[in-house]
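The primary structure of each chain is shown beneath.
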Amino acid sequence: MALLDEDRLFPPDPDTRAVAHDLYAQIKHLPIISPHGHTDPRWFAENEPFADPAQLFVTPDHYVFRMLHSQGIALEDLGVPRADGGEVETDPRKIWRLFAKNYHLFRATPSRLWIDHAFQEVFGVSERLAEHNADAIYDQINACLSQDDFRPRALFERFYIEAISTTESAIDDLRWHKMIQDSGWTGRVTTTYRPDAVVDPEFDGFAQNVERLGALTGEDATTWAGYLAAHRNRRAFFKEHGATASDHGHATARTEDLPQATAAALFDKALQGKCTAEEADCFRGHMLTEMARMSLEDGLVLQIHPGSARNHSTDVFSRFGRDKGYDIPTRTNYVDALRPLLNALGGRPDLTVIIFTLDETAYARELAPLAGVYPALRLGPPWWFHDSYEGMMRFREMATETAGFYNTVGFNDDTRAFCSIPARHDVARRVDCAFLAGLVRTGRLDMEEAVEVAHDLTYRLAKKAYKL
Amino acid sequence: MALLDEDRLFPPDPDTRAVAHDLYAQIKHLPIISPHGHTDPRWFAENEPFADPAQLFVTPDHYVFRMLHSQGIALEDLGVPRADGGEVETDPRKIWRLFAKNYHLFRATPSRLWIDHAFQEVFGVSERLAEHNADAIYDQINACLSQDDFRPRALFERFYIEAISTTESAIDDLRWHKMIQDSGWTGRVTTTYRPDAVVDPEFDGFAQNVERLGALTGEDATTWAGYLAAHRNRRAFFKEHGATASDHGHATARTEDLPQATAAALFDKALQGKCTAEEADCFRGHMLTEMARMSLEDGLVLQIHPGSARNHSTDVFSRFGRDKGYDIPTRTNYVDALRPLLNALGGRPDLTVIIFTLDETAYARELAPLAGVYPALRLGPPWWFHDSYEGMMRFREMATETAGFYNTVGFNDDTRAFCSIPARHDVARRVDCAFLAGLVRTGRLDMEEAVEVAHDLTYRLAKKAYKL
Amino acid sequence: MALLDEDRLFPPDPDTRAVAHDLYAQIKHLPIISPHGHTDPRWFAENEPFADPAQLFVTPDHYVFRMLHSQGIALEDLGVPRADGGEVETDPRKIWRLFAKNYHLFRATPSRLWIDHAFQEVFGVSERLAEHNADAIYDQINACLSQDDFRPRALFERFYIEAISTTESAIDDLRWHKMIQDSGWTGRVTTTYRPDAVVDPEFDGFAQNVERLGALTGEDATTWAGYLAAHRNRRAFFKEHGATASDHGHATARTEDLPQATAAALFDKALQGKCTAEEADCFRGHMLTEMARMSLEDGLVLQIHPGSARNHSTDVFSRFGRDKGYDIPTRTNYVDALRPLLNALGGRPDLTVIIFTLDETAYARELAPLAGVYPALRLGPPWWFHDSYEGMMRFREMATETAGFYNTVGFNDDTRAFCSIPARHDVARRVDCAFLAGLVRTGRLDMEEAVEVAHDLTYRLAKKAYKL
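Protein chains in written order, with my numbering: chain A, 687 to 1154; chain B, 687 to 1154; chain C, 687 to 1154.
Calculated from the structure, these hints are not laboratory results.
Values in this document were obtained by computation on a predicted structure and should not be read as measured data.
Among the clues, some could well be false.
No copy labels: a pair is met if it fits in one copy or bridges any two.
[Stated by the list, open to error] Okay, derived cross-link-like pairs now, DMTMM-like style, lysine to aspartate or glutamate, Cα gap no bigger than 25 Å in a straight line:
#1 787 with 1036
#2 925 with 834
#3 925 with 984
#4 1153 with 691
#5 925 with 843
#6 787 with 1134
#7 780 with 1036
#8 1150 with 821
#9 714 with 1132
#10 1150 with 817
#11 960 with 813
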């Protein structure tokens, strides 16, 4: 028995399904462009085997452990490390059994599709995971992991990845990227400039981070001019390690375009830890515009990922730290929030700003109308919780009529879960083919156009938007 | 001719329809679990015949009279009682004729599905209601109502209700529930603890209600400690009458977790009628957390029904009072609003908080992500205006990928309209089977899993979540 | 080859498609009722030929030039006039070539459907526009335009327009409407009373506009009483030129019902240019209620078009002026905003208020519940960005279950693009038939009812609501 239905995610109507099939056949073998994500460059630098099935599929995947936890399973029992270093489950097989026993919780979720895809396509598993076969599947995957064919670089090549981008802090030394570059391996692993730690006055250790930014660049980053110069310097360093984009994760989509003296004064307050919450937000917003200005100089693409209420549970945050599944999407305003940046630079066709959202209500109402007129603005693909069959379909249905296809930028997998990358891209390709098939069958697109668009959505738009 | 299409609400594609059929065949005869609703316990206590067709279908059903009214029909002409006791239509046949003449207004509404279902399945009507057959159908239904088979208990059994919950004010004497218990009849009719009258400082007669709470419990409910003790006492009394849940209808989803001294001071102000609107809202929010704490002691499930702007028309409110179709859904924030309660108690797997919404935009953005991580939180089914084919489908499409099925709690009919109960549950079952069939046909769920999930959604999840 | 698929926009499932076909066959030849739009009455008054293909399809259509602009094409290169009268492209063939070369940008947009429909049905074009056939298609359309059959009145008749309404400022002299009336031509072209220029204190030249209003009516419009009298007078004048409605485009849906003395004081401040933004908003809101009161006297239908953030790009506004594609939909609250007007007059069945939205999230949550109970309130069809296949389908899916069909008012094309009018109405008819076919196939509507509803949605509801 196969875990995966060959026709999965295609429209049920037979004629429409046939169209989706034909489209998919023409793009399914295209290489993967992964222009935004969170894989660990160390994997590709050191090329060590992955540890065990639980480490690969359960413990680091917030989609997985949050669902198990929601039904009352303690994070400790899933091996999630405690902030105080206290005891948690360390036996991967025990963790795996707990996962297997509760695998029904993932029914109809994207995690289930991704995991089953990796099980079947990467590890040759052919039975649905459950309590009774937990050990057998564990053993089967574990046996694979010790083989050279399952090391990170081998999987990278097998996954047919043409280019993948990781995300590093502005003050990261990029040692793993350097090691990859120096190794002679030809896999293309690029970095992305993520300056939250030195741009967000409320970030842990902001002032020290800025100091470190200065030290890394030889600039006096405690002055406004030096701080901007340090960013320029650092962006150039990231570009040397392949970066074609910066990325910014803010609580809101707010942008500002302050007079330089005002920005400088705010920066001083931020360094002294004296910003109010409002001032910190204002400063972050202004820095997006500064970053956009630097993008006009150095060509980096500007990505904005707004709208997550991080660490919603104070208790879980204090016991386990960040990124523990307690980041919740919030209602996000774009019309007012993006206006300062767009007024300053949105008319520039030589700038690319890619905007993401966790608030789907903005697709048709705000984002598609904005991206459908401002030359600099493009829409990022469905993100976090929405990078799923229904989420992707809603994105196409709500954004396409106003923004068209060519103000979008292809797919991002945005993941740490390396083995899920082919699965995620496959889901995106299938959903796009399903959507296009619907357009063809309802007379909204010719078949020959649909083929071209399918190729664009799968490959060309991402390469072009991210300059890969 | 039949009023009802045997295949109603199933997907049009023949293969998908066949899957839906197969699933439905396996669950359509399961008993009804109705864990939240507003039927009148007096019906089951006294077991008197229902009055007449207009009283059964038109005058008390806000879904029905609001639609007629929206096209210019006066509420008086539908027999809706005036607050001043002034004259309204009292001839049920006249009311019925008005309803029949305008029955086309209900095309494509859930009311139409519910009413036709009751007409056909309960009363054997086989023609669509219209002006020309108004009297004939009136007579047919009226003739039924005088028969013993159409008394409340007989219908209860015929509807195959395993358990139904009514909703009573915290200061209700539960006399009808007692009468049912004492009667020896085996139908399971339980109550629900609804303390709005003694928890909401803006409720009519709040201070007197609290006084009455004290009198009923022997506590000095005018002190904070006595007030909490009175709640505990009263909850225990409701449990004796079958309650397994409390229910809270607030204008917003706000929760608070105040220091006890602050809460006590606010309570004093509330008793003196000196709360500002903001303070009243804060007090209501705090009381949700107190109720959750009591739930940890006594096991009652906590239901929150937020977001209705009640009595939107001042004129209709003053002439006819509450619940006259002028309650309008509002945009509701959950991420910030639920945080205090969830921070205090959301990690407790021994607590069940069921959250409802009138704002569908929160399904994918806020509610599914919250319920998909907090052990205590579950999502209530589509509610009020959204408990319809399209509304239920949107709920499944928007909530399932992130919350899964097992953070939901089955169906609530939430109705006063007794004869619509089988219809409403049938609609929910059909929509769920339609949704599951789509998952099966697009390779997102195996058929054998779908059968299990259909059973869960129809029966097991409600019993488990509500401890019935 | 045909540009248009005969089955376009019908559901893919063959049986459902067949139902849609049958329904469409019964209504496709009905005359067009266009109760709200922005065609130029001068066309019909003078009946001069249209200038050239670029003037007809590209330069004045904000849907078209915004999409081209979003991909970096300068508005100047599309011939969009500059505010300072500076140089822009004037060669229509050059503009057309740019349009043709980028026609792929419109894939899956409503513009593509409308343009292809006009190409095929009006001008006999049979090939998809592209760079290689740009000149040929230009020549073909241009050759048509010089023929008498393609003059405005001939097209009006060929389009089978029974009635069309234009929109004029309250201080317009309606000379073109008079000229049409005097010409003896029988085409029905009516005006609509649009008083934004004399109702919005923030409108350019508000005080002078009010003075002009006084001059036109012989009232002292600088006093509150005189101002209201001038409106009454002007509305009567518009009625003489066929008006059956007024229309109001405000940034929000806010209404107010102020005491007359307060309104008068605010009006004085407005005339003196001393209103704060909040006071201006309050005054606009109050004037909606005044207009509704006048509607009760003179029978004009009140249309409200709220929620557009106009001129989002300051740069484009300063260089090109209004209506340049930079108007962006915003989140809009209706529950609180409409309450004052609805409380004052919403219970009047002799009043018709038609409310539109750019915020689709309000359909199911706010607008359908409001229109489903207030006798005076009706829902306008999907508007601007949402008057598309997906947008119309979402409207029906989200509004119908609560508001029914009979609290809606048929279709508005709301366009300046004359040749797109048959296309837009055809899209609306097809989508409605597709939606109704789905209802029939899922047992929610009988076929004979669907035929009646299709006729209502296409023709009768618009005539009735707009009193045409």
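Tested hints:
Taking identical chains as interchangeable, the C-alpha atoms of residue 787 and residue 1036 lie at most 25 Å apart only when they sit on different chains, with a minimum of 20 Å there against 53 Å within one chain. For a Cα distance limit of 25 Å, the shortest separation of residue 925 from residue 834 qualifies neither inside one copy, at 31 Å, nor across copies, at 63 Å. Proximity of residue 925 and residue 984 under a CA criterion of 25 Å is satisfied intra-copy only: 9 Å inside one chain copy versus 61 Å between copies. Taking the shortest alpha-carbon separations for residue 1153 and residue 691, neither the intra-copy value of 35 Å nor the inter-copy value of 37 Å comes in at or below 25 Å.
When the C-alpha separation of residue 925 and residue 843 is checked against a cutoff of 25 Å, the pair qualifies only within one copy, where the shortest distance is 24 Å, while the shortest distance between copies is 63 Å. Proximity of residue 787 to residue 1134 under the C-alpha cut-off of 25 Å is restricted to the inter-copy arrangement: shortest distance 17 Å between copies versus 47 Å within a copy. In the homo-oligomer, the alpha carbons of residue 780 and residue 1036 lie at most 25 Å apart only across protomers (23 Å), although the nearest pairing inside one protomer, at 53 Å, exceeds that limit. Proximity of residue 1150 and residue 821 under a CA criterion of 25 Å is satisfied in neither setting, with 45 Å inside one chain copy and 30 Å between copies.
With identical chains, the CA atoms of residue 714 and residue 1132 are at most 25 Å apart both within one copy (20 Å) and between copies (24 Å). Taking the shortest alpha-carbon separations for residue 1150 and residue 817, only the inter-copy value of 22 Å comes in at or below 25 Å, while the best intra-copy value is 46 Å. In this homomeric assembly, residue 960 and residue 813 never come within 25 Å of each other (Cα to Cα): the closest approach is 58 Å inside a single copy and 65 Å across copies.
The structure shown violates the earlier hints numbered 2, 4, 8, 11.
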